[in-house]
Amino acid sequence: MNSTHYPKSITTLLLLTGLLVCTANGCRDPRDNRTPLTTRVTIELSAKEKRTAKFLNLRSFTPGQAGDNPKVAVGGRTHTVTLDPNVRELVFTVEYLKGNNADIYTTTLTIKYTCRAVLISPQCGCAYQYTIDSVDFEDDAQEVKILNPQLSSYNESPDVQIYL
Amino acid sequence: MYRFTFSIVLLHSLLAVYFTSQAEVYLGPTDFRVGADVVRPLYYGAYEGAEPQFEFNGSIDFTRLMLVGDYGLGSIKRVGKNTKKNVQSVYTSQGQYFRVGVNYSFLPMTPDRNVAFLGCRYAMSFFKDHLKSRVVYAHSGGGSDIPRSVSNGPKINTKHRKARARWLELVGGMQAKVWASLYAGLTVRYKFSLRVDNAPKHIPYEVLGWGKHDEHGWGINYYLLLQFPIKQFPEAKYLDP
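Residue numbers (this note's numbering), protein chains in the order written: chain X, 1 to 164; chain C, 1 to 241.
No lab work stands behind these hints: they were computed from the structure. Any given hint could turn out to be false.
[Claimed, not checked] Cβ-Cβ distance ranges computed for the label pairs, FRET-style: (1) C/Ala50 x X/Leu147: 35 to 41 Å; (2) C/Ser151 x X/Asp103: 25 to 31 Å; (3) X/Tyr154 x C/Tyr122: 23 to 29 Å; (4) X/Tyr154 x C/Arg166: 48 to 54 Å.
[As the list claims (entries may be wrong)] One-sided excerpt, in silico: chain C residues whose CB lies under 10 Å from chain X: (5) Leu27; (6) Val79; (7) Gly80; (8) Lys81; (9) Asn82; (10) Ala138; (11) Ser140; (12) Ile146; (13) Pro154; (14) Lys162; (15) Lys201; (16) Pro204.
Even glycine gets a Cβ: it sits at the ideal position worked out from N, Cα and C.
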């Protein structure tokens, strides 16, 4: 073998060994490992006539703040919101369609949640996992079901079902 | 009088096929077995260097069906350090668990009374635990769903005194006679539907009897058991293997 190949081979071997050591020991970034930490909640509107229940608009509501609040979502029977880790309650103003005449309704949606520490691994440390405690839909909801109270990116959608 | 004739004939035929025409029809218990998992204390005590865990097993054999109960106890201690952030984490847990269920044996009854079975279990665990660590990853909000690395995150030092967990299992395994009344057994478990109650302060990292906080998991047990016969059958009455 040509002598110039030896330094390259040794370098590659050392790099591979270093990579193996780095990945085998210590904390792995949670974005890469399988810990399913998420703050996203998927909400579904359901009605007897499914085509006539859907989100038109969903705005986050901050009490006391003047002006138009930022729009969060438009359209569809399901929508995913991201919980704010700095508070434990989120309120949304929701416009939605319902009924054969496609009447537009406005109401508020309140999501209350808590978080608990979860040990990713003893070599990593802790992160937070979020749990939905309650969901209130102020307008004539027949039933509000929390299908997945403990939020996880492995959960099958939706997490919350509002049956009108 | 003739209303139940067909049912009686059908039932008798089924029993005759099951037990063969020569066998005596007996539906009571035939033996009971008690044993212990022999690998678990060695695995946790010697291999993992942790506190040993123990598990005991008991069953009553009703020819094909077996009523089974398991009882386990022990403690857990997990220690590690995030060297980049200089954060030490310690998780300890102590408690006990039990499982109850039934097995169905696919082997015909022989003088050795070996069994190969499938079954199901309902399990419960009662434990207290303590988590001491620090938050190293947190969501920052603003629409981002990716937890970011944080420095000097909040310290975590929380305890649960009366946590409970419950789950279901599907099992398969076998027990074979080794010598006299001594049997060796192997049980493979698929565990699912874990529910943890009375644990509001942190997510339990590891649950006794279940394992680490995964959605589902596998387990295996190796038993040594002693058999105590209740009902003896003459050898000619046994089915051919």
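Right, here's what the structure says about each hint:
{"no.": "1", "hint": "C/Ala50 x X/Leu147: 35 to 41 Å", "verdict": "holds, 37 Å"}
{"no.": "2", "hint": "C/Ser151 x X/Asp103: 25 to 31 Å", "verdict": "violated, 52 Å"}
{"no.": "3", "hint": "X/Tyr154 x C/Tyr122: 23 to 29 Å", "verdict": "holds, 24 Å"}
{"no.": "4", "hint": "X/Tyr154 x C/Arg166: 48 to 54 Å", "verdict": "violated, 20 Å"}
{"no.": "5", "hint": "Leu27", "verdict": "violated, 44 Å"}
{"no.": "6", "hint": "Val79", "verdict": "holds, 6 Å"}
{"no.": "7", "hint": "Gly80", "verdict": "holds, 3 Å"}
{"no.": "8", "hint": "Lys81", "verdict": "holds, 7 Å"}
{"no.": "9", "hint": "Asn82", "verdict": "holds, 5 Å"}
{"no.": "10", "hint": "Ala138", "verdict": "holds, 6 Å"}
{"no.": "11", "hint": "Ser140", "verdict": "holds, 7 Å"}
{"no.": "12", "hint": "Ile146", "verdict": "holds, 6 Å"}
{"no.": "13", "hint": "Pro154", "verdict": "holds, 8 Å"}
{"no.": "14", "hint": "Lys162", "verdict": "violated, 17 Å"}
{"no.": "15", "hint": "Lys201", "verdict": "holds, 7 Å"}
{"no.": "16", "hint": "Pro204", "verdict": "holds, 9 Å"}
The structure fails hints 2, 4, 5, 14 (numbered hints given earlier, in ascending order).
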